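Since the structure of chain A is already known, use the hints to place chain B on it.
Number of protein chains: 2
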Amino acid sequence: MIFKREILNLIDEELKKYLNKDNALYKASKHLTFAGGKRIRPYLSILVYKLKKDDVKDMLPAAISVELIHNYTLIHDDIMDNDEIRRGKPTVHVVYGEPMAILAGDLLYAKAFEAVGDIEDSKKAHEVLKVLAKACVEVCEGQAMDMEFEKYWPTVEEYMEMIRKKTGALIEASAEIGSIMADFNREEREAIKEYAKRIGLTFQIQDDILDLIGDKEKLGKPVGSDIREGKKTLIVIHAINNLDEDKKRRLLEILGNVKNEDEIKEAIEILKPSINYARELLKKLTDEAINYLKIFDKDKRKELEELAKFIMNRVY
Amino acid sequence: MIFKREILNLIDEELKKYLNKDNALYKASKHLTFAGGKRIRPYLSILVYKLKKDDVKDMLPAAISVELIHNYTLIHDDIMDNDEIRRGKPTVHVVYGEPMAILAGDLLYAKAFEAVGDIEDSKKAHEVLKVLAKACVEVCEGQAMDMEFEKYWPTVEEYMEMIRKKTGALIEASAEIGSIMADFNREEREAIKEYAKRIGLTFQIQDDILDLIGDKEKLGKPVGSDIREGKKTLIVIHAINNLDEDKKRRLLEILGNVKNEDEIKEAIEILKPSINYARELLKKLTDEAINYLKIFDKDKRKELEELAKFIMNRVY
Numbered sequence: 000m001i002f003k004r005e006i007l008n009l010i011d012e013e014l015k016k017y018l019n020k021d022n023a024l025y026k027a028s029k030h031l032t033f034a035g036g037k038r039i040r041p042y043l044s045i046l047v048y049k050l051k052k053d054d055v056k057d058m059l060p061a062a063i064s065v066e067l068i069h070n071y072t073l074i075h076d077d078i079m080d081n082d083e084i085r086r087g088k089p090t091v092h093v094v095y096g097e098p099m100a101i102l103a104g105d106l107l108y109a110k111a112f113e114a115v116g117d118i119e120d121s122k123k124a125h126e127v128l129k130v131l132a133k134a135c136v137e138v139c140e141g142q143a144m145d146m147e148f149e150k151y152w153p154t155v156e157e158y159m160e161m162i163r164k165k166t167g168a169l170i171e172a173s174a175e176i177g178s179i180m181a182d183f184n185r186e187e188r189e190a191i192k193e194y195a196k197r198i199g200l201t202f203q204i205q206d207d208i209l210d211l212i213g214d215k216e217k218l219g220k221p222v223g224s225d226i227r228e229g230k231k232t233l234i235v236i237h238a239i240n241n242l243d244e245d246k247k248r249r250l251l252e253i254l255g256n257v258k259n260e261d262e263i264k265e266a267i268e269i270l271k272p273s274i275n276y277a278r279e280l281l282k283k284l285t286d287e288a289i290n291y292l293k294i295f296d297k298d299k300r301k302e303l304e305e306l307a308k309f310i311m312n313r314v315y
Numbered sequence: 000m001i002f003k004r005e006i007l008n009l010i011d012e013e014l015k016k017y018l019n020k021d022n023a024l025y026k027a028s029k030h031l032t033f034a035g036g037k038r039i040r041p042y043l044s045i046l047v048y049k050l051k052k053d054d055v056k057d058m059l060p061a062a063i064s065v066e067l068i069h070n071y072t073l074i075h076d077d078i079m080d081n082d083e084i085r086r087g088k089p090t091v092h093v094v095y096g097e098p099m100a101i102l103a104g105d106l107l108y109a110k111a112f113e114a115v116g117d118i119e120d121s122k123k124a125h126e127v128l129k130v131l132a133k134a135c136v137e138v139c140e141g142q143a144m145d146m147e148f149e150k151y152w153p154t155v156e157e158y159m160e161m162i163r164k165k166t167g168a169l170i171e172a173s174a175e176i177g178s179i180m181a182d183f184n185r186e187e188r189e190a191i192k193e194y195a196k197r198i199g200l201t202f203q204i205q206d207d208i209l210d211l212i213g214d215k216e217k218l219g220k221p222v223g224s225d226i227r228e229g230k231k232t233l234i235v236i237h238a239i240n241n242l243d244e245d246k247k248r249r250l251l252e253i254l255g256n257v258k259n260e261d262e263i264k265e266a267i268e269i270l271k272p273s274i275n276y277a278r279e280l281l282k283k284l285t286d287e288a289i290n291y292l293k294i295f296d297k298d299k300r301k302e303l304e305e306l307a308k309f310i311m312n313r314v315y
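Protein chains in written order, with numbering that gives the first Met the number 0: chain A, 0 to 315; chain B, 0 to 315.
Any given hint could turn out to be false.
So, partial list: chain A residues that the calculated Cβ filter (under 8 Å) puts toward chain B [what the hints assert, rightly or not]:
no., residue
1, E5
2, G116
3, A132
4, V136
5, G229
Just so you know, the hints here were simulated from the structure itself, not pulled from any lab data.
Note that the coordinates shown come from a computational prediction; the quantities given were computed from them, not determined experimentally.
Here a beta-carbon is modelled for each residue, glycine too, at the ideal position from N, C-alpha and C.
Here chain A stands alone, though its shape is the one from the complex:
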């Protein structure tokens, strides 16, 4: 799938309106926001909107609100995780220091809700506000769950709940916001939520897969960093539940305690069956997601079908 340049430009222009100052705070806020993100969330909002309406002008503040939230979470997450590289660039706290990076995230947070306030119709602004605030709560709850996982081995169900909140909630909100702005009826809104819920999950699972078998250059970060950090991804949790004792013991030895590149390769080899499991799950979720689109116009839903496939197949 090729994202349309004209839509990406609309998104970037709208984002710039909200960050149109040039002091240290705004520079720090723009550092990551304009560092080449994929804009999947506002793009999704717009594609959903276009299922029923054409002129996107009035819904752009709503669409970019989710991108502003997304970028605030990345800036704060990078501080929490001590990550120094994101999208191939040094992270905000590395360049501007931690205090300014916390503040830059806080500013983007405020700007997201300022954008929601700029929706003209009060009823729609109110609905979007509810959806976005709920997603923000869930993103925090998901992130906290992820942090708690460092202390114990979660079940696959707990892991799925975590990513539905940490990653999925904002993707769901993006789609729902598009549906609010385009006056979807209840049935349509529910269908689009179910679609988005599934692509939210696939998005994170594909992230976990790419960390193991992706391309360093395209990802903008080294392959296997989750293994180095000992992260409990779906793939790792599945492996721990399904490997024989020898392989399991060896995997646990390597996780979070990598001595050389060969061990990364060894761990990935051990994880192969679980990577396949994750890929099959991706396929199933993507099929389900696409199925929920059936109630919409055949031509108009095409791009959303492609988006679902793109998220499953993406390489960065």
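Same frame as chain A, but now just chain B:
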């Protein structure tokens, strides 16, 4: 002024509704929120509302939204400033670690806007959203200005602009939100904003005074900490502009470079005329603030007059 227990209880009960979970994230979010804050902002919202309406039940989510924002800013500020004590208790990041403290602030942020979303009337929710988001932007901008001041000596005007944003914006928003919820007309809303703008300034200036001549026990932090940290408060900026060369040099030697308690006392002695200047400014701003209340019912405005005086005269 004695804050009414029944109103404080309503505020606390409403806050609890939004933080009614007990995992690590919610515990961290409640740590400061229920550590004995004065609740001046939601109290102000309620007093403003009561100028025109009686039943506060429906406006409580709006009132506590500002308290949630206030607490998020304190948690993040304490991380940025490396402060270890607040309200006489260890700060959130000291107890829960920095990652969880960042996240706890982020959760309170989301909860504030969730509360705004819970306002039933969409038109009011929309207006409150706009006011609160704008205040959140200004709070960040003010905090960034404050951080920039570490690098140069601001003018009194720049300092006043900084505190109007960092501290004043949210106090103004509190009052404005009360006025929206109680259907004030334009003239009434403007008057209450002018009132609140001034008490917002007096609030910060009194904070700066208390840091120099307050009571350690009542403040919950040591006296003179601003001198120890070399903070450029209104009082210090005024002193630098008005002292003779000898005293100015001595003050600059001590600021941010305190060797013993006697030097704190010496600095405070040097700052005396500037403390008096700040007190006169407080008095002037408070008189102006009270004057803006004249258009409201004499009996009903009484508590807001007392609040203005309380802020000027408070000892903690």
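Structure-based check of all given hints:
no., hint, verdict
1, E5, "29 Å, violated"
2, G116, "4 Å, holds"
3, A132, "4 Å, holds"
4, V136, "5 Å, holds"
5, G229, "16 Å, violated"
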